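*Asks:* The hints should help you fit chain B onto chain A, whose structure is shown.
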Amino acid sequence: MENPNLKYIRGRRLPHMFCQGCGCGQILTALLFAIDELRLDTSSMVAIGGVGCSSRIPAYLDMYAIHGIHGRSLAYATGVKLAKPELKVVVLTGDGDCAAIGGNHLIHAARRNLGVTVIMANNGSYAMTGGQLAPTTGQGFYTTTSPRGNIERPFDICRLVEAAGGTYVARWTTAHPASLIRAIKEGLLHRGFAFIEVVSQCPTIYGRYALGISDPVKSIEYLKENSFTKEQAEKLSPEQLVGKITVGKFVEKHLPTLEDKYLEMEQRVIGV
Amino acid sequence: MLGNYAIVEGAIAAGCRFFAGYPITPANEISERMAQRMPEVGGRFIQMEDELGSIYAVCGASLAGKKAMTATASAGYNYMQEGIEYAVAAEIPIVIVDVMRQRGENFPTQSDVMQARYGAAGDHEMIVLTPSSVQELFDLTIEAFNFAERFRNPVIILSEATISLMREGITIPNHEELRIVNRKKPIVPPSEFMPFRGEEDLVPRMSEFGDEYKVLYTHNPHDEWGKIAWTPKLYEDLYKRITEKIASKADEIALYDTLFTEDSEILLITYGSEARGCIEAVRMARAMGIKAGLLKLKMIWPVPVKAMTEAARRSKKILVPEMNTGRYFHVVKEVLGCSAEVISIPKNQGRIHSPGEMLQEFRKVA
Chain A
4 MENPNLKYIR GRRLPHMFCQ GCGCGQILTA LLFAIDELRL DTSSMVAIGG VGCSSRIPAY
64 LDMYAIHGIH GRSLAYATGV KLAKPELKVV VLTGDGDCAA IGGNHLIHAA RRNLGVTVIM
124 ANNGSYAMTG GQLAPTTGQG FYTTTSPRGN IERPFDICRL VEAAGGTYVA RWTTAHPASL
184 IRAIKEGLLH RGFAFIEVVS QCPTIYGRYA LGISDPVKSI EYLKENSFTK EQAEKLSPEQ
244 LVGKITVGKF VEKHLPTLED KYLEMEQRVI GV
Chain B
635 MLGNYAIVEG AIAAGCRFFA GYPITPANEI SERMAQRMPE VGGRFIQMED ELGSIYAVCG
695 ASLAGKKAMT ATASAGYNYM QEGIEYAVAA EIPIVIVDVM RQRGENFPTQ SDVMQARYGA
755 AGDHEMIVLT PSSVQELFDL TIEAFNFAER FRNPVIILSE ATISLMREGI TIPNHEELRI
815 VNRKKPIVPP SEFMPFRGEE DLVPRMSEFG DEYKVLYTHN PHDEWGKIAW TPKLYEDLYK
875 RITEKIASKA DEIALYDTLF TEDSEILLIT YGSEARGCIE AVRMARAMGI KAGLLKLKMI
935 WPVPVKAMTE AARRSKKILV PEMNTGRYFH VVKEVLGCSA EVISIPKNQG RIHSPGEMLQ
995 EFRKVA
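In order, the protein sequences belong to chains A and B. Under our numbering, read the first sequence as residues 4 to 275, first letter to last. Under our numbering, read the second sequence as residues 635 to 1000, first letter to last.
Calculated from the structure, these hints are not laboratory results. All values reported here derive from a predicted model rather than from experimental measurement. Note that beta-carbon positions come from the ideal geometry of N, C-alpha and C, so glycine has one too. Please note that a few of the clues may not be correct.
Straight line, CA to CA, 25 Å or less: simulated DSS-like cross-link-like pairs of lysine-lysine [what the hints assert, rightly or not]:
| hint | chain 1 | residue 1 | chain 2 | residue 2 |
| --- | --- | --- | --- | --- |
| 1 | B | K861 | A | K10 |
| 2 | B | K950 | B | K998 |
| 3 | B | K940 | B | K951 |
| 4 | B | K967 | B | K981 |
| 5 | B | K998 | B | K925 |
| 6 | B | K861 | A | K91 |
| 7 | A | K91 | B | K819 |
| 8 | B | K951 | B | K932 |
| 9 | A | K233 | A | K221 |
One side of the interface only, derived from the structure: several residues of chain B facing chain A at Cβ under 7 Å [claimed, not checked]:
| hint | residue |
| --- | --- |
| 10 | E674 |
| 11 | G687 |
| 12 | C693 |
| 13 | G694 |
| 14 | K700 |
| 15 | E716 |
| 16 | F843 |
| 17 | K848 |
| 18 | L850 |
Chain A on its own, in the form it takes in the complex:
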């Protein structure tokens, strides 16, 4: 029997290029469940990614897709959404693509409340290029470019997006599939800048070298064991939360989007 979600895969072509046990497959699956449960019309959707493992997800989706340049997915998305606000735009990106090289586009897309859904996989490293230090790598962890341990502090990207003005912000992990699908559905329905961080395992590189866990199942268990809900986290001290993952929905509010405001202004201009 064929997987019912295979109809959302471009040319029904599998397998994908992700390593065995990579979280990108789970993120792709969660997105397909969300699209299916919402019965979205994929011909009015555009998937956009930059460069990196997770940014390759758009290439597998049976919809218009941009497999773009590293870091620029939200810049493309701004042009697409403003040109045709009726399109549903979903951005699939990673922590390097979105928060390092694309950080400027991220904060400004959030500030503008651009009506797109961003799903950012966070595996704590640059996996496609061989496991270099990322802005999300935990302090003290060993990567190929922090061979004596990371001396920098990691970025809390959900807090960044919240501060920049994102109107839907949530974090889950690949160990929370049901919550993740629910969050993606909420994100796809949200009118405004929706940002969903998915903490994800990389058993091939970061798991093996930084965490010492190369088994995919153990990687997912590690995510589960180190996750606290927002409510649990509030009772813990900052020291206790070092290296831990706080999951939950942090922001959900309704404000006019960039494209709403533009169309409103356009109407005023043409009406005069």
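*Replies:* Leaving out everything else, chain B in the frame of chain A:
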């Protein structure tokens, strides 16, 4: 009309309905007028967070079916090379204005003539237009959109601080008199549509976001269906087509004016604002009995080899005046160096050669 405004009006006449930009002198008036004009014509304007944002927003809008443009000046144009590379590979029609300025200062220059052609990574051809007056800024902006739509390639308008900030009277024709080119749309159902298969002219048809064709755009090597695929032969064929679609039409699409080239013995080859003083210089030389001629290029890339060869057929001396250290001279030398002496006349002081100065140069070689 101000030069930068003429660019905006030309763009709107050509059908431009999306503009993204980032502030930089001397291109600011383009953004400012676009911010004013776009909502009036049902178009979209956005000031992005940087030039990278601008070039990719423009790519996204073009894929969504809008004719789209950005404008910047030399330092900002550097950043855009990354997006130009993408637009070449994914075959996205976009127009980029580079109002050239000197490094770190806002003085006029023509020093981006090589970057405009070779700045982006990877195999590519580039169409680069070099207007010399406010009228030409208007006319050539329309041509830029027409070329972008026809070839599905980025097109560069290489303006200069000199002409972009100059005011001159211009004639704007009625819209019906303008020749406007639009990208070819698919004519087969989605199951049969090969989005990266060139037609006879090597240019593929182009769908737009929101229709049924669901194309994947990528700068990775891709087959004619758009599927990411890597084989050495496929890669070679892809970039052969992407470059040949323009290179094979270089002489057909060339834009230039000539003056007294039928019998000229000393030929000036020039482009952009430099042409302004040269026209007068050639007339003065003729009055003095010097058989001078002028080839004024309104498009410097692809190289108009036929136009150069024909204009230079009786000339033994070719002078190439430029407002830089002498860049395009090398191109002219490559084309005509075997049949004539090609001499670089650089003047890199933020101002063009005066007719008198050029006359001196004629006298030196006459």
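*Asks:* Give a verdict on every hint.
*Replies:* Here is what the structure says about each hint:
1. B/K861 - A/K10: holds, 17 Å
2. B/K950 - B/K998: Since the Cα atoms of B/K950 and B/K998 sit roughly 14 Å apart, the hinted pair holds (cutoff 25 Å).
3. B/K940 - B/K951: Roughly 18 Å between the alpha carbons, so the hint for B/K940 and B/K951 holds.
4. B/K967 - B/K981: Distance of about 18 Å is within 25 Å: holds.
5. B/K998 - B/K925: With a Cα-Cα distance of about 13 Å, the restraint between B/K998 and B/K925 holds, given a limit of 25 Å.
6. B/K861 - A/K91: The given pair, whose Cα atoms are some 23 Å apart, holds under the 25 Å limit.
7. A/K91 - B/K819: holds, 22 Å
8. B/K951 - B/K932: holds, 21 Å
9. A/K233 - A/K221: holds, 23 Å
10. E674: At about 6 Å, which falls below the 7 Å cut-off, the nearest Cβ of chain A leaves the hint on B/E674 intact, so it holds.
11. G687: holds, 4 Å
12. C693: holds, 6 Å
13. G694: holds, 3 Å
14. K700: holds, 5 Å
15. E716: holds, 6 Å
16. F843: Where the cut-off is 7 Å and the nearest Cβ of chain A is about 5 Å from B/F843, the hint holds.
17. K848: holds, 5 Å
18. L850: holds, 5 Å
The structure is consistent with each of the numbered hints, conforming to all of them.
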